[in-house]
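J.: These protein sequence lines map, in sequence, to chains A and B.
For the first sequence, the numbering used here begins at 26 and goes up steadily by one.
For the second sequence, the numbering used here begins at 419 and goes up steadily by one.
Simulated from the structure, these hints should not be mistaken for lab results.
Treat the hints with care, since some could be wrong.
Unchecked claim - Here are the simulated lysine to any residue pairs, SDA-like style, with alpha carbons at most 25 Å apart: (1) 117(A) - 211(A); (2) 103(A) - 456(B); (3) 350(A) - 117(A); (4) 117(A) - 278(A); (5) 117(A) - 262(A); (6) 449(B) - 85(A); (7) 556(B) - 523(B); (8) 350(A) - 437(B); (9) 449(B) - 82(A); (10) 350(A) - 449(B); (11) 350(A) - 423(B).
If you want the building blocks of each chain, they are given just below.
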Amino acid sequence: MVDWLHNWLFTTFDFFPEWLLILTWTLWKIIIIVAPLMVAVAYFTYAERKLIGYMQDRVGPNRVGPKGWLQPIADAVKLMFKEIIIPSKSNKYLFLGAPLLSIGPALAAWAVMPFTDTLVLANIDASLLFVLALTSTGVYGIIIAGWASNSKYAFLGALRSAAQIISYEIAMGFALVGVLMVAGSLNLREIVLAQAGGFWNWYWVPLFPLFVVYFISGVAETNRAPFDVAEGESEIVAGFHVEYSGMTFAVFFLAEYANMLLIAALTTLLFLGGWQPPFNFAPFTMIPAFFWFAGKTAFMAFLFLWFRATFPRYRYDQIMRLGWKILIPVTLIWIAVIGIVRFYTPFGFMG
Amino acid sequence: MGIDIKRFIDTFTLLDLRRGMGVTGRHLFKKKFTIMYPEEKTPKSVRFRGLHAQRRYEDGTERCIACKLCEAVCPALAITIESNELPNGERRTERYDIDLFKCIYCGFCEEACPVDAIVLTGILEYHMEDPAERVIDKQQLLAIGDEHEATIAADRKQDIPYHR
Numbered sequence: 026m027v028d029w030l031h032n033w034l035f036t037t038f039d040f041f042p043e044w045l046l047i048l049t050w051t052l053w054k055i056i057i058i059v060a061p062l063m064v065a066v067a068y069f070t071y072a073e074r075k076l077i078g079y080m081q082d083r084v085g086p087n088r089v090g091p092k093g094w095l096q097p098i099a100d101a102v103k104l105m106f107k108e109i110i111i112p113s114k115s116n117k118y119l120f121l122g123a124p125l126l127s128i129g130p131a132l133a134a135w136a137v138m139p140f141t142d143t144l145v146l147a148n149i150d151a152s153l154l155f156v157l158a159l160t161s162t163g164v165y166g167i168i169i170a171g172w173a174s175n176s177k178y179a180f181l182g183a184l185r186s187a188a189q190i191i192s193y194e195i196a197m198g199f200a201l202v203g204v205l206m207v208a209g210s211l212n213l214r215e216i217v218l219a220q221a222g223g224f225w226n227w228y229w230v231p232l233f234p235l236f237v238v239y240f241i242s243g244v245a246e247t248n249r250a251p252f253d254v255a256e257g258e259s260e261i262v263a264g265f266h267v268e269y270s271g272m273t274f275a276v277f278f279l280a281e282y283a284n285m286l287l288i289a290a291l292t293t294l295l296f297l298g299g300w301q302p303p304f305n306f307a308p309f310t311m312i313p314a315f316f317w318f319a320g321k322t323a324f325m326a327f328l329f330l331w332f333r334a335t336f337p338r339y340r341y342d343q344i345m346r347l348g349w350k351i352l353i354p355v356t357l358i359w360i361a362v363i364g365i366v367r368f369y370t371p372f373g374f375m376g
Numbered sequence: 419m420g421i422d423i424k425r426f427i428d429t430f431t432l433l434d435l436r437r438g439m440g441v442t443g444r445h446l447f448k449k450k451f452t453i454m455y456p457e458e459k460t461p462k463s464v465r466f467r468g469l470h471a472q473r474r475y476e477d478g479t480e481r482c483i484a485c486k487l488c489e490a491v492c493p494a495l496a497i498t499i500e501s502n503e504l505p506n507g508e509r510r511t512e513r514y515d516i517d518l519f520k521c522i523y524c525g526f527c528e529e530a531c532p533v534d535a536i537v538l539t540g541i542l543e544y545h546m547e548d549p550a551e552r553v554i555d556k557q558q559l560l561a562i563g564d565e566h567e568a569t570i571a572a573d574r575k576q577d578i579p580y581h582r
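So here's chain A without its partners, still in its complex pose (with noise of 0.2 Å):
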């Protein structure tokens, strides 16, 4: 299908100059990414707000359309027609361009994410590298942001963000080196393919811990509850997004929200054994792939809101202290507990 269009593309108009058949064909997958990714993130915040007040005893929106299902549509239109405004001492350009630092990484990082065994965009062999870095570069939108704002309560946020996020991108990196160790292979493709099997070859079986750590510090990387001291509402405002309007904070709230989409789908591709179905028997093998996917990823999605609608938010000191002084050393103990297991016994994870 995706050959044929390929071929139709770049014969039916092949009098057009090559690099603009390239460029269109390039621009048409990353429409037919990002457009869906951009609907999944709108009703994300659809169920957030219906699941959180389910979870509080009350319905939540259902005003707009149908049981409120045109809510976000209606929060778009809302914040599109809003003004933006820029406050006089801020750095005008970094003001704007941080929302744009802050969406690129977490949009770019679908591209190597393989929803099928085919469905890939990019095939790339360090594609868990690569989702790292720009993961990690998201923080700079959000320092910028705080610090372009010119207000005590976006440096603050913005501080608190960064600082958080570079603790528990480590305890991350060392959850990701045991699934590493395991696969053997950067490739998320190839990590999950590693996983097949039934649920039990998963990884989160024998990486429990890891799996669990990833997690939080997931949760942690995204400035989620209970880890949103960076937001925190009731102390600093709105922390470093504190200044921005209209459609400025939407991209920000956007970027949020397609993050994370993209730390569940990565907690479903390394521990969960990506599109695979649980059992490799009949009525499990008959769900596409892709819907075995998109379910377990919207169940870690939907962990996101059972824990925001559950945990009162943590204290800064108290962040710190689990990052360092215990998901830290949980994963190192693991990473020799799966080097020792893998090296010096008869059942390696793998074969």
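With chain A's structure known, arrange chain B on it following the hints.
T.: For chain B alone, kept in the frame of chain A given last:
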């Protein structure tokens, strides 16, 4: 200094966090308390103190005798009364204004009134589009009273046993 083994295990298996998530997880499926406001409304007391109204006797004459007790008792000074005398010697108000922005809906005017003329009705859904509309005059008060006389009388009647 001994390590509390149980606490150690509980912490590392995230016991408290799992319990907390259990609570929110249960509430996810519980009955919701939300009342869909414009379609659904909560029951209201007969003593509810909403928008003001002036009542008439059954023969159509105004109850108000311009005694100005309400004006005197009003803690927010929201009531303004000017009165004169009719040819038959009865006292009547020629001006009776209530400033709805000043009014604190305490209901003292209703309690002070010797003839049950000024009352606070159960109406709570009203608005004005111009700040000048906040002052309602005698004609408006009487109109509200005429429109809702049935409910006003029924509410008062239901409340009588508690006034003795």
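J.: Under the criterion that the straight-line Cα-Cα distance not exceed 25 Å, is the pair residue 103(A), residue 456(B) satisfied?
T.: 24 Å, holds
J.: Are residue 350(A) and residue 117(A) close enough, with their CA atoms no more than 25 Å apart?
T.: 40 Å, violated
J.: Are the Cα positions of residue 556(B) and residue 523(B) separated by 25 Å at most?
T.: Status holds; Cα separation ~18 Å.
J.: Holds or violated: are the alpha carbons of residue 350(A) and residue 437(B) at most 25 Å from each other?
T.: 24 Å, holds
J.: Holds or violated: residue 117(A) with residue 262(A), Cα cutoff 25 Å?
T.: Between residue 117(A) and residue 262(A) the Cα gap is close to 22 Å, so the pair holds against 25 Å.
J.: For the pair supplied as a hint, residue 449(B) and residue 85(A), is the alpha-carbon distance within the 25 Å limit?
T.: 13 Å, holds
J.: Checking one constraint from the list: CA of residue 350(A) to CA of residue 423(B), max 25 Å. Satisfied?
T.: 19 Å, holds
J.: Within 25 Å, alpha carbon to alpha carbon, are residue 117(A) and residue 211(A)?
T.: 39 Å, violated
J.: Holds or violated: residue 449(B) and residue 82(A), Cα atoms, limit 25 Å.
T.: 7 Å, holds
J.: Residue 350(A) and residue 449(B) were given as a pair; does the straight-line alpha-carbon distance stay at or below 25 Å?
T.: 42 Å, violated
J.: With a cut-off of 25 Å on the C-alpha distance, tell me whether residue 117(A) and residue 278(A) pass.
T.: 20 Å, holds
The structure shown violates the earlier hints numbered 1, 3, 10.
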